[in-house]
Amino acid sequence: MEAALYNIVLVGTPNSGKTSLFNALTGSRQKVANYPGVTVERKQGFFVTPRGRQVSLIDLPGTYSLRGRSPDEEITRDVVLGRAKGETLPELVLCVADATNLRLAIRLVLEMKHTGRPMVLALNMFDIAKRRGVTVNVPALSAALGIPVVTSIAVRKGGTDELLQLTDLIAAGPAQIAHKNDWRPHSVAELRATQREADRIIKETVSLPARPDTWTARVDSVVLHPVFGLVILAAILFVMFQAVFAWAQPVMELIAGGFELLGQWVQATLPAGLLQSFIQNGVISGVGSVIVFLPQIIIIFLFILLLEDFGYMARAAFLMDRIMGGAGLHGRAFIPLLSSFACAIPGIMATRVIDNRRDRLTTILIAPLMTCSARIPVYTLIISAFIPAKQVWGWINLQGLVMFGLYVTGITSAMAVSALIKFFMWRDDAPAPFMLELPDYKLPRLRSIAIGIYTRAMMFLQRAGTTIFAMMVLIWFLASFPQPPVGATDPGIDYSLAAIIGRFIEPVLAPLGFNWQIAVALIPGMAAREVAVAALGTVYSIEGGKEAAEQIGQVLASKWSLATALSLLAWYIFAPQCASTLAVIKRETGGWRWMWITFFYMLSLAYVASLITYNIARSLGAG
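For the sequence shown, this note's numbering assigns the number 2 to the initial residue and increments by one for each residue that follows.
Careful: at least some of the hints might be erroneous.
[As the list claims (entries may be wrong)] Under the rule of at most 25 Å between Cα atoms (straight-line distance), these lysine-lysine pairs were calculated in the DSS-like manner:
1. Lys423 <-> Lys44
2. Lys587 <-> Lys423
3. Lys44 <-> Lys587
4. Lys86 <-> Lys114
5. Lys114 <-> Lys204
6. Lys443 <-> Lys131
7. Lys181 <-> Lys114
8. Lys86 <-> Lys587
9. Lys86 <-> Lys181
10. Lys86 <-> Lys131
11. Lys44 <-> Lys114
12. Lys181 <-> Lys131
13. Lys560 <-> Lys391
Please keep in mind that the hints were generated in silico from the structure rather than gathered at the bench. Keep in mind that this is a model prediction, so the values were computed, not measured.
Whole structure, please, built from the sequences with the hints as guidance.
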């Protein structure tokens, strides 16, 4: 009879290498879901010990304590204590600690011991600790804590052998005795006492170099400088947005050429009619006009993943704390907001690391104002059509500079909205102190970066193949039916349902400089922002034929004024055009109230910003 799965949970402080150890043990045998009733991610993997024991490993959210001040901490606490719905009480708790920085990890271990669960401590990144002159007396540490202690190097082949052997011994031997669970939330005084005990144990078992002078410390002396650090951060962001245009353009042209050839083949192969129109104008022009922006999205994700893997993200949060604090935001809000540059959904979910509910709610409300990757197709299309591709000051791409300005506007607006929320709603709420552990700098792992980019690219393509495709079918139908009457001289789309709907909405949007075609594009754009590009491609393809399908940017430049283009850019900085984001806000806040508040305040901002932009541009002669 096959032995039952041996259940282990992985617990550790953030930046302890817990995820790296999880990946090293489980490899590709992983599955990701959410815990029942919450949006906290549940990551489970499986591995086999040298003796053939089947092990189930759950990677719990990183935490400094079990106090349950955030959803992540609550999940970790409830799983360890066996309170989580649908979860098996773990047979072993594997605590992971960064061997170069044990202070907070040992305190967590001492707190975990009160749960009564059998435990093992894994000292991760043990090789880095040795290179720095940090000496850990492993037997003495094990005796002081009263639990087995092993070393591990998650990023090196064979670095988990000792841990696997110990797991075999524990799993195959007599069941470990679970002690009485006397855990309860500690008071501030008890936490301080626990930290003093942790410091005493470290003093007795760990030897530190007399003169610590690490590469990390030397780099931090520059990148954490109150002035030069902010300059470096701004430069990194500037380079990232310049790269969106400079690096991606050749690949984008290649993809666009592929879709152009595909459209020509369809036109030459299929007879003229509805089927040809559907495939060429609906599918190829619609979906293809979004997929062409995949290289730019990959570049954005590449920068974010590299900075995160290198260890710079936490430094950026530290640098931004003072600025964000002035806007009523907690320093921990920076990482969720930076994540929102890729997509607001994981950014909103990342707010779970913020303990204070009001700080978390404020961050959720402004996260959609960050310029997510879904806006890139819209921005790129309009910028490429209306902003000349030339160099300013001899080396700066003007289009990239405009893109950078849009990002800066989004960030500035988010800070302003946060300050207003703080002033009108939570004026008397004292800000929580900002505490952040800075990880060591590490060279990015190319394999990990490649997996991250691949995963996000597949998510984008899946989105293009589902949501965007479905919207394009709808847009094509509305733009193609009913057919024009016999003898009609105007484009067929002028007689369609899309034109009827667009002209019905047009009076509301006309003060912004929007025509009925833009009105038609904005409606499906509520499902996903990038759908608006595909919708414009479909509408103008049906209206203008093959030339419009191939040269959508030139068509827009000929039919819109510069004032209209700038107005639409302003609209997209603020507009809540993503149903998925609104749905996540509802889930994270536990009701409809804050979702609708987000929708209407962003819609109001979008309308006012577009109105002001359009009228200023017209007054300057751009209309």
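Verification of the hints:
no. : hint              : in the structure
1   : Lys423 <-> Lys44  : violated (35 Å)
2   : Lys587 <-> Lys423 : holds (21 Å)
3   : Lys44 <-> Lys587  : holds (23 Å)
4   : Lys86 <-> Lys114  : holds (22 Å)
5   : Lys114 <-> Lys204 : holds (20 Å)
6   : Lys443 <-> Lys131 : holds (15 Å)
7   : Lys181 <-> Lys114 : holds (10 Å)
8   : Lys86 <-> Lys587  : holds (22 Å)
9   : Lys86 <-> Lys181  : holds (21 Å)
10  : Lys86 <-> Lys131  : violated (42 Å)
11  : Lys44 <-> Lys114  : holds (24 Å)
12  : Lys181 <-> Lys131 : violated (37 Å)
13  : Lys560 <-> Lys391 : holds (23 Å)
Against the hints set out earlier in the document, violations occur for numbers 1, 10 and 12.
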